[in-house]
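Top to bottom, those sequences are chains A and B. So the first sequence is numbered by this note's numbering: it starts at 1 and just counts up by one. So the second sequence is numbered by this note's numbering: it starts at 1001 and just counts up by one.
Calculated from the structure, these hints are not laboratory results. Just to be clear, a hint being listed does not mean it is correct.
[Claimed, not checked] Calculated cross-link-like contacts (lysine to aspartate or glutamate; reagent style DMTMM-like; alpha-carbon spacing at most 25 Å):
id: 1; chain 1: B; residue 1: K1057; chain 2: B; residue 2: E1082
id: 2; chain 1: A; residue 1: K16; chain 2: A; residue 2: D86
id: 3; chain 1: A; residue 1: K3; chain 2: A; residue 2: E56
id: 4; chain 1: A; residue 1: K38; chain 2: B; residue 2: E1082
id: 5; chain 1: A; residue 1: K3; chain 2: A; residue 2: E26
id: 6; chain 1: A; residue 1: K114; chain 2: A; residue 2: E26
id: 7; chain 1: A; residue 1: K38; chain 2: A; residue 2: E15
id: 8; chain 1: A; residue 1: K102; chain 2: A; residue 2: D22
id: 9; chain 1: A; residue 1: K102; chain 2: A; residue 2: E44
id: 10; chain 1: B; residue 1: K1013; chain 2: B; residue 2: E1082
id: 11; chain 1: A; residue 1: K3; chain 2: B; residue 2: D1085
id: 12; chain 1: A; residue 1: K70; chain 2: A; residue 2: E15
id: 13; chain 1: A; residue 1: K114; chain 2: A; residue 2: D86
id: 14; chain 1: A; residue 1: K3; chain 2: A; residue 2: E17
id: 15; chain 1: B; residue 1: K1057; chain 2: A; residue 2: D18
id: 16; chain 1: B; residue 1: K1057; chain 2: A; residue 2: D29
id: 17; chain 1: B; residue 1: K1013; chain 2: B; residue 2: E1075
id: 18; chain 1: A; residue 1: K102; chain 2: B; residue 2: D1085
id: 19; chain 1: A; residue 1: K114; chain 2: A; residue 2: E15
id: 20; chain 1: A; residue 1: K102; chain 2: B; residue 2: E1052
id: 21; chain 1: B; residue 1: K1057; chain 2: A; residue 2: E44
id: 22; chain 1: B; residue 1: K1013; chain 2: A; residue 2: E44
id: 23; chain 1: A; residue 1: K102; chain 2: A; residue 2: E56
id: 24; chain 1: B; residue 1: K1057; chain 2: B; residue 2: E1075
id: 25; chain 1: A; residue 1: K102; chain 2: B; residue 2: E1075
id: 26; chain 1: A; residue 1: K70; chain 2: A; residue 2: E59
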Amino acid sequence: AQKVTQAQTEISVVEKEDVTLDCVYETRDTTYYLFWYKQPPSGELVFLIRRNSFDEQNEISGRYSWNFQKSTSSFNFTITASQVVDSAVYFCALSERTGGFKTIFGAGTRLFVKA
Amino acid sequence: KAGVTQTPRYLIKTRGQQVTLSCSPISGHRSVSWYQQTPGQGLQFLFEYFSETQRNKGNFPGRFSGRQFSNSRSEMNVSTLELGDSALYLCASSLGTGGVQETQYFGPGTRLLVL
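Could you build the full structure based on these sequences and the hints that come with them?
What follows is the structure, encoded as structure tokens:
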């Protein structure tokens, strides 16, 4: 069975601090995809990144970076020099072939960035 | 390209009533998935439609149903509303090729309040 755990319920930082959001997943499939989505107060989930199980290269996009480690089943997300606009709920998600490609979301981490 | 649209954005109903929510996917996307988001249960998968057929289903009672039209637009219906159905209902569209690498793009959601 697939499972996504985001142990951090809420994180509060001061602007310009770096912050890492943790994501640990469970799956029996060898082929799967991991995603991060951002949900600002407006409610719409915004796609941030997709990573497949065969590509463990870290990714950097501006102030965002992602660290994928299959050995620890983790897919962590770091925001460098956080800004107030980064305040949102961030979801990690897993999609695997077993169960018909359903996407399972973690509980989310609410990030507060204070000015 | 226009994003995923959902109507209505807000809805207030009373217990026992039924409700229909609508979702128009991104042009060219053939798969539509529905999710329920509540503070207690998080984001939960309801069902997925592709080519007018339900391809996958979550663990929700039969009161929750959906359909997809030939233009890929989708509706979901909740009959005999209960207080616990109050939630943000999110629709997501994807290409629908069936591969696990699908990225879902979300609409702004319909916020349903059941009194």
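Now the hints, each set against the structure:
no. : hint              : result
1   : K1057/B / E1082/B : 20 Å, holds
2   : K16/A / D86/A     : 11 Å, holds
3   : K3/A / E56/A      : 19 Å, holds
4   : K38/A / E1082/B   : 29 Å, violated
5   : K3/A / E26/A      : 5 Å, holds
6   : K114/A / E26/A    : 33 Å, violated
7   : K38/A / E15/A     : 18 Å, holds
8   : K102/A / D22/A    : 22 Å, holds
9   : K102/A / E44/A    : 19 Å, holds
10  : K1013/B / E1082/B : 10 Å, holds
11  : K3/A / D1085/B    : 24 Å, holds
12  : K70/A / E15/A     : 31 Å, violated
13  : K114/A / D86/A    : 10 Å, holds
14  : K3/A / E17/A      : 30 Å, violated
15  : K1057/B / D18/A   : 39 Å, violated
16  : K1057/B / D29/A   : 20 Å, holds
17  : K1013/B / E1075/B : 17 Å, holds
18  : K102/A / D1085/B  : 22 Å, holds
19  : K114/A / E15/A    : 6 Å, holds
20  : K102/A / E1052/B  : 18 Å, holds
21  : K1057/B / E44/A   : 22 Å, holds
22  : K1013/B / E44/A   : 22 Å, holds
23  : K102/A / E56/A    : 22 Å, holds
24  : K1057/B / E1075/B : 15 Å, holds
25  : K102/A / E1075/B  : 19 Å, holds
26  : K70/A / E59/A     : 15 Å, holds
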